[in-house]
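Below, each chain spelled out in residue letters.
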Amino acid sequence: MRITTIALAATLAAGTAHADVVAPGDVKYDDYGAVEMSLTGKTGSAEKGAEVFSSKSLGNCVACHEVSALADVPFPGEIGPMLDGVADRWTEADIRGIVANAKKTYDGTMMPAYYKVDGFVRPGKAYTGKAADDSFGPLLSAGQIEDVVAFLMTLTEE
Amino acid sequence: MNFKTMTFVGAVAMALPTLGVAEPDDDTLILNGDTEMTTKAPAPAHLEDAVDTIMSGWHFRSDETQMMQADDFDNPGMIFAEQGRELWNTVEGTEEKSCASCHGTPEDSMKMVRATYPKWNDEAEEVRTIQMQVNDCRENRMGAEPWKYDKGGSLPMEALIASVGRGETVDVAIDGPAEAMWEQGKELYYTRTGQLELGCVNCHEDSYGMMIRADHLSQGQINGFPVYRLKNARLNGVHSRFKGCVRDTRAETYSPGSPEFVALELYVASRGNGLSVEGPSVRN
Numbered sequence: 000m001r002i003t004t005i006a007l008a009a010t011l012a013a014g015t016a017h018a019d020v021v022a023p024g025d026v027k028y029d030d031y032g033a034v035e036m037s038l039t040g041k042t043g044s045a046e047k048g049a050e051v052f053s054s055k056s057l058g059n060c061v062a063c064h065e066v067s068a069l070a071d072v073p074f075p076g077e078i079g080p081m082l083d084g085v086a087d088r089w090t091e092a093d094i095r096g097i098v099a100n101a102k103k104t105y106d107g108t109m110m111p112a113y114y115k116v117d118g119f120v121r122p123g124k125a126y127t128g129k130a131a132d133d134s135f136g137p138l139l140s141a142g143q144i145e146d147v148v149a150f151l152m153t154l155t156e157e
Numbered sequence: 000m001n002f003k004t005m006t007f008v009g010a011v012a013m014a015l016p017t018l019g020v021a022e023p024d025d026d027t028l029i030l031n032g033d034t035e036m037t038t039k040a041p042a043p044a045h046l047e048d049a050v051d052t053i054m055s056g057w058h059f060r061s062d063e064t065q066m067m068q069a070d071d072f073d074n075p076g077m078i079f080a081e082q083g084r085e086l087w088n089t090v091e092g093t094e095e096k097s098c099a100s101c102h103g104t105p106e107d108s109m110k111m112v113r114a115t116y117p118k119w120n121d122e123a124e125e126v127r128t129i130q131m132q133v134n135d136c137r138e139n140r141m142g143a144e145p146w147k148y149d150k151g152g153s154l155p156m157e158a159l160i161a162s163v164g165r166g167e168t169v170d171v172a173i174d175g176p177a178e179a180m181w182e183q184g185k186e187l188y189y190t191r192t193g194q195l196e197l198g199c200v201n202c203h204e205d206s207y208g209m210m211i212r213a214d215h216l217s218q219g220q221i222n223g224f225p226v227y228r229l230k231n232a233r234l235n236g237v238h239s240r241f242k243g244c245v246r247d248t249r250a251e252t253y254s255p256g257s258p259e260f261v262a263l264e265l266y267v268a269s270r271g272n273g274l275s276v277e278g279p280s281v282r283n
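Protein chains in written order, with numbering that gives the first Met the number 0: chain W, 0 to 157; chain B, 0 to 283.
Calculated directly from the structure, the hints in this document are not laboratory data. Note that this is a predicted model, so its numbers are computed, not measured. Hints are not guaranteed to be accurate.
Here are the simulated DSBU-like cross-link-like pairs (lysine-lysine), alpha carbons at most 35 Å apart as the crow flies [claimed, not checked]: (1) W:55 - B:150; (2) B:242 - W:103; (3) W:124 - B:185; (4) B:185 - W:103; (5) W:129 - B:230; (6) B:242 - B:147; (7) B:185 - W:129; (8) W:124 - B:150; (9) B:230 - W:115; (10) W:124 - B:230; (11) W:47 - W:129; (12) W:124 - B:242.
Going by beta-carbon spacing under 10 Å, a handful of chain W positions derived as facing chain B [said to hold, decoys possible]: (13) 76; (14) 128; (15) 129; (16) 137.
Don't be surprised by glycine CBs; every beta carbon is placed ideally from N, CA and C.
The following block holds chain B by itself, in its conformation from the complex:
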């Protein structure tokens, strides 16, 4: 991490509160002192008319929060990834199997998963998020109960799967059979909902880098999910974040795990094609 730049940014922010804090910074995220992450990248082709550069939400957070994410020992999200690893090795259900029984070590078998999900499943003929796929394995291969969306074992497991994929480049497929759902997600992104008549686009495409009250608006990327939030001291899922943002437009929200949020996740993930997988990341 670039400590010099960060100290400098901190000083500017203190002297000129309304000028210094707003811009996304130029710091470099190096994980555990060895893996350099791609936190800014040219926008993928489908997004070229809207933005030039895609940026991880990491750039919009304070130096302290940024540093927590740079080291696994400081990142509280990694505690959940470790819980996920225990679940990975836990035998459950009528088939007396664990994830490890079929998939070995997650470092090998799950490396590309976070980077490529949500993903079309040919057999089921549907787009699946990681949590949907995990539950499919639990129900149909382990004979175990599915986990609730963004609850119970779902998030620790997703944190583990994301953590072993850190540094891989997000590359979600948006053509072929996934296209219809991608289009639906895009529609949702640009629809202005609720009594405040705001869409994702207003805050995360038109206004990123600006302050909305005390919040520094990012591009709303999901390459860092699940995220550990200092504010509520737990791991937060993509769909729960979407729900919070939609609620804040004074709208009737969709539920975590709903087809609408699966479509929105596919679309928002594709806006991050080119960034590194960063989850579990740390946010304020």
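Bound conformation, chain W alone:
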């Protein structure tokens, strides 16, 4: 798991050099926490997004959220709301904002900010318990955020 995270950070570092990718510090949130523009300039892959959502070493969103479409993923958590129909409740820009930094939408929420690199108290090096070093990057890359957004946009009920 550690190796994946570091590899991800490296991918991201390479990715940020790319002109189309919005860096964590440059994301434009509106007054309600929504982010209008894709962080990569492209639409993500819903299929990869489902993987990011379920995988413990990636988004691990299932630690807190249940989704009926992912019924085969065992032991979803119940800290956050069940996400069936989330695309009916929120626009794509809202969802991008919530995934990138949910604190802009919900003040003080327990949900981690997935595309943020500063302002932490005692940030560590992934799950080692050691201090953060040069490999520190956001929890998810811009591409992975867009993949999760694409996946959540498939969760409609109406």
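Given chain W, put chain B in place with the hints provided.
Relative to chain W, chain B alone:
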């Protein structure tokens, strides 16, 4: 123990996995068929704004795990307490003394220790955990080497001291000279650390009773420590548990035995004022 309720809870859990398992249960913990433990109690005054009822972590575990703790013959933690008793009687160090030389039988001299530690020590002018006090005795009264924190003899000895105090009511002093350290511990409890920006409060005050993935969140009480965990088949100390929880917020942790964790232990212990001492307890 209330077998009827437990069978019922088990059945509900199987039929409705997402509804049945989440709530802390209402079982009663009776130790060795005679000592009834206080596993739920009204919150102490300093905690009233945060929670109404304090609950032992025992309520959040499966029926099987709960039952193991109810009988000393089934509780693997008691094997370590017995190792602690051997250490208690072992002469060590330049003074050629054992714990027993000064303290007699632990059942008499140590009964109130787990319930009241961490505790302010006037002479040393510091708050001491049980392990710190044990090491002070080893170094200064026995002329023996101190044990490492949460390692070696420390945990078996703490298990012995906890075991003879089972059933006593946790009553850690938080005023007077201990207050400054208690405040520091409280600050640590409410600080959201690491890349996940989570504090103890988020999981153990705001979300206890809920599932975080496969884990059933308890109130993070320490009245049952040290705990025997089935997962790693050993005895686990309070500070090592804290370290694991802080690490899981993707933070830089403090070390077992550090002043920060001593302060946090004092504060977390005080959140359990009113519960029975249960250690060594059993967890998954």
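Do the hints match the structure? See the list:
no.	hint	in the structure
1	W:55 - B:150	holds (30 Å)
2	B:242 - W:103	holds (29 Å)
3	W:124 - B:185	holds (25 Å)
4	B:185 - W:103	holds (27 Å)
5	W:129 - B:230	holds (23 Å)
6	B:242 - B:147	holds (16 Å)
7	B:185 - W:129	holds (23 Å)
8	W:124 - B:150	holds (25 Å)
9	B:230 - W:115	holds (34 Å)
10	W:124 - B:230	holds (25 Å)
11	W:47 - W:129	holds (30 Å)
12	W:124 - B:242	holds (14 Å)
13	76	holds (5 Å)
14	128	holds (4 Å)
15	129	holds (6 Å)
16	137	holds (9 Å)
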